[in-house]
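A.B. asks: In case you want the letters, here they are:
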Amino acid sequence: MRSTSFCLRKMPALHWGPLVCAVLGLLAAASPALAHRLVVFAYAEGRTIHTESKFVPDTPVRGGQVQVLDRQTGAVLLTGTTDEQGKFSFTIPDEAAARKMDLRIVVEAGMGHQGEWLLKAERYLPGLKPAGAAPPPAAPSAAEPPGAKAATLDQKMLEEALTRILERQLTPMREMLAEMSVRRTSLPDIIGGLGYIMGIFGLWAYFQSRGKKNP
Amino acid sequence: MHISEGVLSPAVLAGGAALAVVGTAIGLKKMDNAAIPRVALLSAAFFVASLIHVPVGPVGLHLVLNGLMGLLVGWPAVPAILIALLLQALLFQFGGLTVLGVNTVVMAAPAVICFWLFRPLLRRPGAPAAVGAFACGAVAILLSGLLVAAALLTTGQAFLQVARLVVLAHIPVMLVEGVITLFIFFFLQKVRPEMLEGIYA
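Here the protein sequences come in this chain order: A and B. Under our numbering, the first residue of the first sequence is numbered 3, with each subsequent residue one higher. Under our numbering, the first residue of the second sequence is numbered 51, with each subsequent residue one higher.
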């Protein structure tokens, strides 16, 4: 209050210039990047589970500590480290497949950054089938003539081949899904947040002013 | 600086929440009516600052502005940071609701500490004030880094190792924030000195 108007007159546009420049510069440097939210994505391909970890929007987590846990018991099944692209792959542990475990994949990148992905058993078990027992349709084959046996064998091979092809075709789709499942900050989020802040402090000011008036 | 959900133990989370509640109470008590718009403005600035990306280092970092906040408002920085962090957790998924208390302490405690630490310097004109303003911005980040390391201590991570990592990673942010705080301090001193009355009071 005291010397404001005086200073304002004395220091005209001179000091607004640099500030405006600085603010514009910062806004220019500002990308919609949220550099430290860690997202993990995992999918199965045959007997292998691939995981990909990155900081939103697109910085791979290098050297992150990966832990694969059984969701129910919390037991650690295996651990590993992400590579330069933030990727880490592992073969599905036999016990996980046998007990149909839901896998919790936790990636920790130090400094308090952590992300996780839940891979449900039904998402990775189908890929295992060809290597495991015969598929269910082949079960009633025991009573059939020998000719049908060759047919089921053919069918099995066909199924295997199809699975492989589908896996290959689906991988880019999966990556696209992973990309889309990351929730990005939007302008409405930012503006909404600013509005909330003004509202909360406005409310506080309102109650303060009422309290002062009638004590 | 935001610690993710699911990293810390319940004891640390509870401790952080308790400290945050106490700090918020003190901050609200110390915030007189005239200061409310100023605190609101800084809360908004803090809320948005996290979106300003400093493209350095392995992870990429963002501004925090807690030093500037402490410099301008002192104790009321705690409720201001609490509200900004709550909205960041809800809207941006930064940190999380359970870690809100710890994250508030990590960022608000340095703001208040720097306010008391550098107030004597800031009151003096010329070079000491400049040093004080720069240090206020830089030291607040440094202290936040150390607090992050301290919070992670209970998860079994070695304090010195984490502290070194966090502090090294934040050196660019410390410099940037020091310069920004210095710049805004002098700008306000000339254009809006009444915004700085917390320092001279």
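Hints are not guaranteed to be accurate.
As the list claims (entries may be wrong) - Pairs of lysine to any residue, SDA-like flavour, derived with a Cα cap of 25 Å:
{"no.": "1", "chain 1": "A", "residue 1": "Lys89", "chain 2": "A", "residue 2": "Met178"}
{"no.": "2", "chain 1": "A", "residue 1": "Lys89", "chain 2": "B", "residue 2": "Gln143"}
{"no.": "3", "chain 1": "A", "residue 1": "Lys122", "chain 2": "B", "residue 2": "Gln239"}
{"no.": "4", "chain 1": "B", "residue 1": "Lys80", "chain 2": "B", "residue 2": "Gln143"}
{"no.": "5", "chain 1": "A", "residue 1": "Lys89", "chain 2": "A", "residue 2": "Asp72"}
{"no.": "6", "chain 1": "B", "residue 1": "Lys80", "chain 2": "B", "residue 2": "Arg214"}
{"no.": "7", "chain 1": "A", "residue 1": "Lys122", "chain 2": "B", "residue 2": "Gly56"}
{"no.": "8", "chain 1": "A", "residue 1": "Lys122", "chain 2": "A", "residue 2": "Asp191"}
{"no.": "9", "chain 1": "A", "residue 1": "Lys89", "chain 2": "A", "residue 2": "Ala207"}
{"no.": "10", "chain 1": "B", "residue 1": "Lys80", "chain 2": "A", "residue 2": "Phe209"}
{"no.": "11", "chain 1": "B", "residue 1": "Lys80", "chain 2": "A", "residue 2": "Ile202"}
{"no.": "12", "chain 1": "A", "residue 1": "Lys122", "chain 2": "A", "residue 2": "Arg170"}
{"no.": "13", "chain 1": "A", "residue 1": "Lys102", "chain 2": "A", "residue 2": "Gly82"}
{"no.": "14", "chain 1": "B", "residue 1": "Lys80", "chain 2": "A", "residue 2": "Met182"}
{"no.": "15", "chain 1": "B", "residue 1": "Lys79", "chain 2": "A", "residue 2": "Met182"}
{"no.": "16", "chain 1": "B", "residue 1": "Lys79", "chain 2": "A", "residue 2": "Tyr198"}
{"no.": "17", "chain 1": "B", "residue 1": "Lys79", "chain 2": "A", "residue 2": "Gly201"}
Keep in mind that the hints were calculated from the coordinates and are not lab data. All values reported here derive from a predicted model rather than from experimental measurement.
A.B. asks: Compare the structure with each hint and give your call.
C.D. replies: Tested hints:
no. : hint                : result
1   : A:Lys89 / A:Met178  : 16 Å, holds
2   : A:Lys89 / B:Gln143  : 23 Å, holds
3   : A:Lys122 / B:Gln239 : 59 Å, violated
4   : B:Lys80 / B:Gln143  : 30 Å, violated
5   : A:Lys89 / A:Asp72   : 20 Å, holds
6   : B:Lys80 / B:Arg214  : 35 Å, violated
7   : A:Lys122 / B:Gly56  : 20 Å, holds
8   : A:Lys122 / A:Asp191 : 31 Å, violated
9   : A:Lys89 / A:Ala207  : 50 Å, violated
10  : B:Lys80 / A:Phe209  : 16 Å, holds
11  : B:Lys80 / A:Ile202  : 17 Å, holds
12  : A:Lys122 / A:Arg170 : 21 Å, holds
13  : A:Lys102 / A:Gly82  : 21 Å, holds
14  : B:Lys80 / A:Met182  : 45 Å, violated
15  : B:Lys79 / A:Met182  : 45 Å, violated
16  : B:Lys79 / A:Tyr198  : 21 Å, holds
17  : B:Lys79 / A:Gly201  : 19 Å, holds
In terms of the numbered hints stated before, the structure departs from hints 3, 4, 6, 8, 9, 14, 15, listed from lowest to highest.
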